[in-house]
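S.K.: Below are the chains, spelled out letter by letter.
Protein chains: 2
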Amino acid sequence: MNEQHKSLGEAYNETTYPLIGHSRRNVEVLLEAFQPVDGSQAGDMYGNGAVIEDFQKFMADELGKESVVFFPSGTMAQQIALRIWCDEAELKRVAYHPLCHLEIHEEDGLKELHQIETILLAGEDRLITLEDVQNLNSDIACLLLELPQREIGGQLPDYAELEAISAYCRSQGIKLHLDGARLFEITPYYQRTAAEICSLFDSVYVSFYKGIGGIAGAILAGDNDFLAKSKVWKRRHGGDLVSLYPYIISSEYYYKQRIEKMGRYYEEAKELAAMFNQCHAVVTKPIVPVSNMFHVYFQLGKNQLEPILMDIYNTTGIGFISYLKEASEDHCQSEVHIGERYGKTPREAIQEAFRVLNEKLLEAVQP
Amino acid sequence: MNEQHKSLGEAYNETTYPLIGHSRRNVEVLLEAFQPVDGSQAGDMYGNGAVIEDFQKFMADELGKESVVFFPSGTMAQQIALRIWCDEAELKRVAYHPLCHLEIHEEDGLKELHQIETILLAGEDRLITLEDVQNLNSDIACLLLELPQREIGGQLPDYAELEAISAYCRSQGIKLHLDGARLFEITPYYQRTAAEICSLFDSVYVSFYKGIGGIAGAILAGDNDFLAKSKVWKRRHGGDLVSLYPYIISSEYYYKQRIEKMGRYYEEAKELAAMFNQCHAVVTKPIVPVSNMFHVYFQLGKNQLEPILMDIYNTTGIGFISYLKEASEDHCQSEVHIGERYGKTPREAIQEAFRVLNEKLLEAVQP
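Line by line, the protein sequences give chains F and A. First residue of the first sequence? That's 21 in my numbering, and the numbers climb one at a time after it. First residue of the second sequence? That's 21 in my numbering, and the numbers climb one at a time after it.
Misleading hints may appear alongside valid ones.
You can't tell identical chains apart in this list, so a pair holds if it fits in one copy or across any two.
[Said to hold, decoys possible] Below, computed lysine-lysine pairings styled on DSSO-like, alpha-carbon distance capped at 30 Å:
(1) K112 x K380
(2) K251 x K345
(3) K26 x K112
(4) K112 x K251
(5) K249 x K112
(6) K380 x K77
(7) K281 x K77
(8) K290 x K380
(9) K131 x K112
(10) K290 x K305
For the record, the hints were derived by calculation from the structure and aren't laboratory data.
Please work from the sequences and hints to get the whole structure.
M.R.: Have a look at this one:
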C-alpha cells in the first residue's frame, strides 16, 4: 500500500505489536471458540434449549441474580430494562449520564421506540454523584449507572458512594440499573466480585465483546419476573432469534478463558497509562486507570500527530492506538483498552517506542 | 429413553429418515458453512466491512433492487419496513392478513414499539384478493403480502392477481411490502425469478433460515433512501450488532448451495403431499402444494394419532412430521416443508411407511 495514503488504523493493523485489545476482530475469533464444540450439539431454538439455558443459568450464578436472559445486543437489552421499570412504575422517565450509550450511540431508540423521557445527571466531564441523585427535581422510574463511565475514560465512583446511591434509590423506590458493559473489568479495582457489585442493582446488563472479547452478545440479569417480561420485549424488538448460539458459545468460551485475567489487564492498563503520562504533552484520563481502559489526550493537532505515530509504528513495530479524534485544532484524543495483546508484547520494545514518541513530541510541541 | 414417555418430536428425531427440512438444527450447520472460510477474513463492524457489504450487494443484484440491508431477524426487518412507509405517508396504518407473522408471532411489537394500527384483510382461511384491497374503507400507508401465506399451508394468489394488486396499490399511492420469508421457494411455481416477483413490491423481506437453511438472519431490499432509513431503525432496535458475520457467512454459504434446488424441493413437496392425500382421513392444504411447504390435516384426535405415528416411526424408520397441533377433539394438523432430507430418503421406504399409515388410519377412523 502507498504509505502516503495509509490511514492510522491501517498502519496500526500492520504493526507487529498492536497494543490494544485481544486480537483482530476476524473469523478466527469464531473458529477458535468453536474448535472444541461437537457438531452434533443442538442449537438453541427461540430462547430454548440447553445451549442458551445452561449459559443463562451459569451467568445468573456468576452475577448472583435469580435469572439471566441472553440478548443479541446491549442496545436492545438496556432499552428493554428501562421500559420494564417504567411500565412497573407507570412513569416514563429515567435518569442517566449525558454520555450514556443510550443518549449518544443508539439513534434515540429509547425515545423513538419507548417514548421514555430522560434526565441527564451530572456533567459531560464528571461522574454522577449521590448529590446529583438526591437533587433530582422530577420523579424517575429508574436510574442507570454505567460502570466504568466509558466516555470519560472509564472512571468509577468510590465504592462507598456507589453503595450510598444504591441505598438512596431503594429508599425512594427508584430502580437502579447497571450498564455493566465492562462489569468484569472493574472487579479488580473495587476488589469485589461481580455478584457483590450486582447486588447493589435491580437489573444488570453485561457485554461479551468488551473485555471478554466474544463476537457479540449481551445479557440482562435480575429477578425472575423482570426477566420473564424481558423475553416478551426481546420478541417485540426482533431479538428472539431462532438461534443465537454463535454468540452464546463464543461468549462462554472467551468468558472462561479471560475472566481470571481481568486483574492482569487492569495492572497492564496502569503500566501503559504511566508510559503515556511520562511523555511530553500527553495525559491520560484517568491518570491512573481503574479498569482495563483509559483515554489519552495529546496537546497536538490530529494532523500533526498522525504522521509522527505512523512513523513510529513503522520503525518500531509497536502500534499505540488505532485512531485519533480531533478535540480542537491543537488537541486530539484516543481510547485504549487492554486485552491479550499487551502482555504478549516485549516490554523493552514498548519502552523503546515510548522513548521515540517522547522525543518526537518534545520536538513537535513547543513549551 | 422410556418409549412410553417419549414425545412425538423425540421419536421423530430418532428416526433414520426424518422427511422434513434440511438437517438437524445443530452446530454442524455452522461448522459446515465456516469450513471453507479463512480465519484471517475480517469480520463486519456495525454494518460495515466487506463481509456484510459484499453480501448485501450480491443479494441486491439477486433481487433486482437498488439496495439491501442485512438484519438479525425478520421480525425486526418487517416492523422497520412498515414504520418507514408509515412515516413517509404520515399515516400510521397498514393492512395485512389476519395470520400475518406480525399479528400472531411478535407479541404485538408493531403496535407496542411503533404504534401502528393494523387492518386485517381477507379471512383466516383464505388469501387476500384484489377485491379486499379495493374495498378497504380506511387509508393505509402500506399493504403487506406474505408469499406464500404460511399459516394456511403456504398458498399463493395467481400471478395475474398479484400483478393487479401491485398495480392497484401503485395507482393509490399505497406502498406494497413483501413478506418473502419463503420467496425463493415460490419461484418454481410462479416460473418467475425472485427479481421479477420483487419488482411488484416497494420493499421486500427475505429469510435465510427457511428454505435456505442458514442459522438465522434476514434482509430488507428496496431503494437506497428506504434502506438508509432502515439502518437508523436497525440501530434503534438493537439490531446493529458489532458483528453479524456468523449469520451472513452461513446465509451466503447455504444460499449458494440451495438456491438452484428450489425446483426440486417444490416437486418433492407435491410428491409427498400426494402420498398423504392417498391415505384415509388425511388431506393436505393446499391439495397440490405451490411451494416446498404444505399443511396436513388428520381426521383423528391428536392423542389417538400420536401413538400410531410413533409406532410407524419405530418400525419403518421414517419420520413423517415432528409435532401435532390439536384442531379439535377429533382433528389435528401439522406442517411440512421440504429440504435436503426428503431427496436422500429411499422412495420405497417412504411408500412402505405410507402403506402402513393408511392401514392404521383405516382401522382407527371409522367411516
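S.K.: If you check each hint against the structure, which ones fail?
M.R.: 1, 3 and 6
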